[in-house]
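Chemist: What follows is each chain in one-letter form.
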Amino acid sequence: MWFFVLKRAASTLPVMLVVALVVFLMLRFTPGDPAVIIAGDQATSEQIARIRATLGLDLPLHEQFFTWMGQLLRGDLGVSIFTNLPVTTLIGQRLEPTLVLTATTILFSVLVAVPLGVLAAWKAGGWIDRFVMVFSVVGFSFPVFVLGYLLIYKFSLDLKWLPTQGYRSPFVDFQGFLRTITLPTITLGAIYIALVTRITRASVLEVLGEDYIRTARAKGQNERKVLFRHALKNAAVPIATVIGIGIALLIGGAVVTETVFNIPGLGRLVVDAILRRDYPVIQGLILVFSFTYILINMLIDIAYTVLDPRIRY
Amino acid sequence: MTISRRDLLAGTAAAAALSTLPASGVLAQAKKNVLKVVPHANLQVLDPIWTTGYISRNHGYMIYDTLFALDDNLRPQPQMAEGVEISADKTKYTIRLRDGLSWHDGTPVTAEDCVASLTRWGKRDGMGQRLFGVTDKLEADGAKTIVLSLKRPYGVVLDSIGKISSNVPFMMPKRVAETPADRQIEDTTGSGPFMFNKANWKPGNLAIYEKFKAYVPRKEPVSSAAGGKIAKVDRVEWYTMDANTAMNALMAGEVDYWEQVTPDLIEVLKRAPGVKVENLDPTGNMGWARFNHLVGPSSNPLVRRAIMKAINQEEVLKTAIGNPEYYKVCKSIYPCGTPLESSSGFFDYNQAEAKTLLQQSGYKGEDFVLLQPTDHPVLNPFSQVIAEKLRAIGINVKLQAMDWSTVLQRRASKEPTDKGGWNMFCTWWIGGDTVNPLTGVGFGATGERGWFGWSSDEQAVKLQDAYADASSPEEAKKIAHDFQARLYEIGHYVNLGQFFVPVGYRENVKGMIRSPVQFFWNMEA
Chain R
1 MWFFVLKRAA
11 STLPVMLVVA
21 LVVFLMLRFT
31 PGDPAVIIAG
41 DQATSEQIAR
51 IRATLGLDLP
61 LHEQFFTWMG
71 QLLRGDLGVS
81 IFTNLPVTTL
91 IGQRLEPTLV
101 LTATTILFSV
111 LVAVPLGVLA
121 AWKAGGWIDR
131 FVMVFSVVGF
141 SFPVFVLGYL
151 LIYKFSLDLK
161 WLPTQGYRSP
171 FVDFQGFLRT
181 ITLPTITLGA
191 IYIALVTRIT
201 RASVLEVLGE
211 DYIRTARAKG
221 QNERKVLFRH
231 ALKNAAVPIA
241 TVIGIGIALL
251 IGGAVVTETV
261 FNIPGLGRLV
271 VDAILRRDYP
281 VIQGLILVFS
291 FTYILINMLI
301 DIAYTVLDPR
311 IRY
Chain A
1 MTISRRDLLA
11 GTAAAAALST
21 LPASGVLAQA
31 KKNVLKVVPH
41 ANLQVLDPIW
51 TTGYISRNHG
61 YMIYDTLFAL
71 DDNLRPQPQM
81 AEGVEISADK
91 TKYTIRLRDG
101 LSWHDGTPVT
111 AEDCVASLTR
121 WGKRDGMGQR
131 LFGVTDKLEA
141 DGAKTIVLSL
151 KRPYGVVLDS
161 IGKISSNVPF
171 MMPKRVAETP
181 ADRQIEDTTG
191 SGPFMFNKAN
201 WKPGNLAIYE
211 KFKAYVPRKE
221 PVSSAAGGKI
231 AKVDRVEWYT
241 MDANTAMNAL
251 MAGEVDYWEQ
261 VTPDLIEVLK
271 RAPGVKVENL
281 DPTGNMGWAR
291 FNHLVGPSSN
301 PLVRRAIMKA
311 INQEEVLKTA
321 IGNPEYYKVC
331 KSIYPCGTPL
341 ESSSGFFDYN
351 QAEAKTLLQQ
361 SGYKGEDFVL
371 LQPTDHPVLN
381 PFSQVIAEKL
391 RAIGINVKLQ
401 AMDWSTVLQR
411 RASKEPTDKG
421 GWNMFCTWWI
431 GGDTVNPLTG
441 VGFGATGERG
451 WFGWSSDEQA
461 VKLQDAYADA
471 SSPEEAKKIA
481 HDFQARLYEI
491 GHYVNLGQFF
501 VPVGYRENVK
511 GMIRSPVQFF
521 WNMEA
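Those sequence lines, one after another, are chains R and A.
The working numbering applies: residue 1 is where the first sequence begins, and numbers increase by one.
The working numbering applies: residue 1 is where the second sequence begins, and numbers increase by one.
Don't take each hint at face value.
So these bits of chain A aren't anywhere near chain R, every CB distance computed over 10 Å [as the list claims (entries may be wrong)]:
| no. | residue |
| --- | --- |
| 1 | G53 |
| 2 | Y93 |
| 3 | P180 |
| 4 | N244 |
| 5 | L302 |
List time: in silico DSS-like cross-link candidates among lysine-lysine, alpha-carbon distance up to 27 Å [said to hold, decoys possible]:
| no. | chain 1 | residue 1 | chain 2 | residue 2 |
| --- | --- | --- | --- | --- |
| 6 | R | K154 | A | K276 |
| 7 | A | K232 | A | K213 |
| 8 | A | K331 | A | K355 |
| 9 | A | K331 | A | K477 |
| 10 | A | K213 | R | K160 |
| 11 | A | K92 | A | K174 |
| 12 | A | K510 | R | K160 |
| 13 | A | K478 | A | K331 |
| 14 | A | K211 | A | K510 |
| 15 | A | K90 | A | K462 |
| 16 | A | K211 | R | K160 |
| 17 | R | K154 | A | K270 |
| 18 | A | K414 | A | K123 |
| 19 | A | K398 | A | K419 |
| 20 | A | K276 | A | K510 |
Partial selection, computed: residues in chain A whose CB lies under 7 Å from chain R [claimed, not checked]:
| no. | residue |
| --- | --- |
| 21 | Q44 |
| 22 | T51 |
| 23 | T52 |
| 24 | D182 |
| 25 | P203 |
| 26 | G204 |
| 27 | D242 |
| 28 | N248 |
| 29 | M251 |
| 30 | Q409 |
| 31 | A412 |
To be clear, the hints were calculated from the coordinates, so they are not data collected in a lab.
All C-beta atoms in this analysis are idealised placements derived from N, C-alpha and C, irrespective of residue type, glycine included.
Please work from the sequences and hints to get the whole structure.
Modeler: Pasting the structure below:
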């Protein structure tokens with residue numbers, strides 16, 4: 001087990017190196033020039049050239065790459081071309097809202113979706129199953145921004161129960177946090193509820209056909225225990241996989257929800273950086289996202305050994 | 001040092017207020033002294049001399065002050081200056097600073113600071129470069145007097161120093177102004193009516209400005225950028241958000257003021273209770289379709305003239321802006337309603353004549369590349385309508401879709417169209433940038449040294465020089481009109497007319513200033 005963890009941790013380095021190289025090259029070959037954006041609409045070509053030189057963007061690509069790698073090896077993600085702030089500061093400012101939104105969304109999704117999925121599998125073919133499946137199709141099909149705006153319209157502008165936008169930190173104002181995080185969590189959770197419900201239903205349905213379930217029932221085990229102790233536990237591996245991937249996707253992929261509800265998270269930071277071609281910020285964020293993906297995948301693999309004792313590394 | 005429980009509670013409360021965004025009623029206790037604003041863009045660059053971006057300019061107006069500033073009539077008035085003495089031969093300007101001026105760190109503003117600031121500005125700004133081209137010496141004479149000696153009389157000295165839009169000659173402490181002009185400043189100490197709270201700046205989300213209590217405003221009433229800058233709120237908070245989110249936040253009362261309401265949301269906001277929509281910009285924005293004068297077929301003057309005749313301002317503006325309340329057909333290259341407005345030389349829309357001109361030009365169906373910024377709510381429809389109008393007269397338009405950032409890069413290309421070049425792109429200038437022949441860098445016709453499109457015309461350059469040297473307002477006006485006629489004659493660009501972007505605000509907001517630029521002094525919520 002520990003050998004596996006060490007091996008996976010060691011394999012992170014070459015993966016990150018490849019990601020760094022690919023991101024660096026892709027950005028440099030993508031149209032757009034930060035110097036042009038900084039200089040503004042009134043700048044002449046000469047002024048832009050001077051800004052490019054100041055930022056080191058006129059240096060050969062390999063020199064730019066090795067300079068950046070040198071910074072990375074010192075644990076420095078660089079400085080934003082536009083704001084002049086360290087990339088780590090910018091990421092630090094945005095990390096908490098993203099992690100909190102991810103946590104509330106996953107928690108909400110799991111709490112709703114797992115029971116629904118188990119229920120649908122238990123009542124497979126019946127009207128409850130059909131209802132849950134229709135619900136999950138709707139959850140999948142509804143664009144996040146449409147659901148977000150509908151919720152804002154009803155609960156914020158019409159009923160005036162919740163704010164339309166914003167984020168409050170749970171560490172400084174818990175009540176304000178609950179008020180601001182509710183609608184984004186429901187909005188973002190809808191698609192994950194649909195996903196986890198379907199996966200849970202399919203996995204549990206498969207397990208319910210196994211001999212040991214029939215044996216449990218034959219022993220007189222009550223249905224709740226059959227479902228949650230025997231069926232759900234044995235169906236947990238694919239469910240855990242989907243939840244883990246969901247966490248990884250949410251870390252950088254909640255940009256639409258963050259935009260609709262004005263949550264200052266990492267998703268918006270990366271989109272803003274891309275629109276302005278802020279190379280150090282984009283590069284830093286992609287590295288952070290890649291590292292998160294690798295880390296979460298490793299944690300999922302480790303979780304398998306807990307969920308299924310047959311799995312050993 | 002000991003921290004009392006009260007200090008700790010106060011600190012926690014302050015941290016709570018600063019660490020997050022406003023939600024309904026959450027900041028109610030501070031509401032009467034805080035103005036919550038959604039600015040027109042995300043503040044990313046803090047140096048208004050390093051960039052010409054309008055959001056950085058607005059940030060500059062919050063924290064810096066200027067020696068002179070334009071009033072409602074676009075005339076320069078003393079701001080930090082007590083006044084100016086001009087020598088009889090008009091080659092020496094002696095500017096004395098008024099009393100009570102200090103930087104945010106408490107040190108007094110000196111003439112040396114102003115000399116360093118003007119010098120840095122003069123390296124970046126077009127009007128500044130022109131002014132420094134005729135400057136013999138700029139020096140401090142004591143702590144409060146600035147002396148500008150010229151090689152020859154120059155008619156627009158104060159107009160240059162009092163320039164209202166980018167790059168505005170903001171005054172900075174000498175230690176800051178000595179930063180090379182091609183490098184961004186890091187210290188945001190100014191002497192304006194607000195101080196920037198850099199420690200709590202979250203780019204893309206929040207910028208906070210605290211009232212500078214030691215600021216001494218002028219006694220005169222506010223008049224555009226001139227007059228007394230009285231900060232009537234303790235804090236101004238800028239929240240960056242998407243247009244739809246801004247609309248919702250304004251309707252719910254979570255923000256007080258939205259600087260630029262996008263055209264498609266105007267009608268919704270007008271119907272919202274407690275919200276007002278109003279145009280505060282007397283000069284508006286001037287729409288441009290810029291030709292590339294280096295690359296065919298737009299390098300052919302007859303093709304350019306045909307295109308100018310093929311485009312109907314009314315149709316373009318109606319499609320992009322919609323409500324006629326917010327656009328105006330304007331034949332002038334200077335904003336309609338400003339002193340230099342003129343219809344001199346304008347090409348009226350006439351499709352039949354456009355077709356004839358195109359035939360005479362020798363155009364043989366070559367590709368005409370029009371850059372289309374699909375992420376821009378105004379320039380995108382501009383481009384689409386223009387493409388249709390050009391196709392209608394027989395031009396083979398290649399409408400190339402891209403984001404605005406890519407347009408900004410592509411327009412720098414001087415290559416032929418099959419190698420990444422272009423023939424036309426749309427843009428706009430705020431009215432304050434085009435009030436006379438010298439303010440707009442786009443008016444220049446200095447060829448490849450000039451602005452994108454690189455039109456070259458000796459006569460236009462001479463007229464600009466003549467305007468700068470004009471000895472009377474009447475003479476200047478006549479030259480400005482001749483200059484306009486010349487720009488139309490050479491097919492410098494297509495004038496797409498004037499449009500206005502209104503602000504949206506809660507009914508409790510008062511004291512807004514009518515100006516081409518957004519100011520936040522004098523406002524209360």
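Chemist: When the structure is checked against the list of hints, which entries are broken? Sort them ascending.
Modeler: Per hint list: 1, 3, 4, 10, 16 violated.
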